[in-house]
Amino acid sequence: MLAQRLRTALDDAAHRVVMGRDDLDFPGEPTPAAVLIAITDRPEPGVILTLRQPHLRRHAGQISFPGGRIDPGDPSPVAAALREAQEEIALDPASVEIVGTADPYLTGSGYAIVPVVGVVPPDLALMPSEAEVAAVFEVPLAFVTAAANQVERSATFGGRERRFHEIQWQERRIWGITAALIVDLSQRLANFA
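For the sequence shown, the positions run 904 to 1096 when this note's numbering is used.
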């Protein structure tokens, strides 16, 4: 069963903070955030991703998981991830079987992102929020978690060389934090193939 396999993979490793490849050069405490890694329950599972609108101030036009800041009214990272997924892609929280959380990811821009892993039925009628999301789509889990498809790259940002992961799926470039979270999940799943 998919949910049990994912649960075992998440529970097996001791939770640790996964530092981003960026230098952690932000002042003060990181801002809590959460994303939903929604995996479709089908013979060949997929991962639901979004393409952010090109006019957004942050991460415009990038591929991401549904998610965002944890609001003061959110009782947990899980609740925040489900709320954000409902707002961004109209994913009904009742449709998500929560499996668990993966390691927090600290970003160079000052966020501590908790990845929330859940299993969803296949072929849900998801609707992107026009304000934030240009498209919602599914990529094959086996493709994005295959080490051969996870390329490590480097580029200069802000005068510093930074390393990051990139996964090219069809015309979609999955990189940065989203790819890093996929790589972390794939390393956990490798132990339970």
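The hints are simulated quantities; they were obtained by calculation from the structure and are not laboratory data.
Just so it is clear, the structure is predicted and the values come from calculations on it, not from any experiment.
Among these hints, one or two may not hold up.
[Stated by the list, open to error] Cβ-Cβ distance ranges computed for the label pairs, FRET-style:
(1) A1093 / E932: 29 to 35 angstroms
(2) A906 / E990: 34 to 40 angstroms
(3) W1072 / S1032: 20 to 26 angstroms
(4) V1054 / S1012: 35 to 41 angstroms
Glycine included, each C-beta is placed from N, C-alpha and C at the ideal position.
Hints and how they fare:
no. : hint                              : verdict
1   : A1093 / E932: 29 to 35 angstroms  : 33 angstroms, holds
2   : A906 / E990: 34 to 40 angstroms   : 24 angstroms, violated
3   : W1072 / S1032: 20 to 26 angstroms : 23 angstroms, holds
4   : V1054 / S1012: 35 to 41 angstroms : 23 angstroms, violated
Hint compliance for this structure: hints 2 and 4 are not met, and every other hint is.
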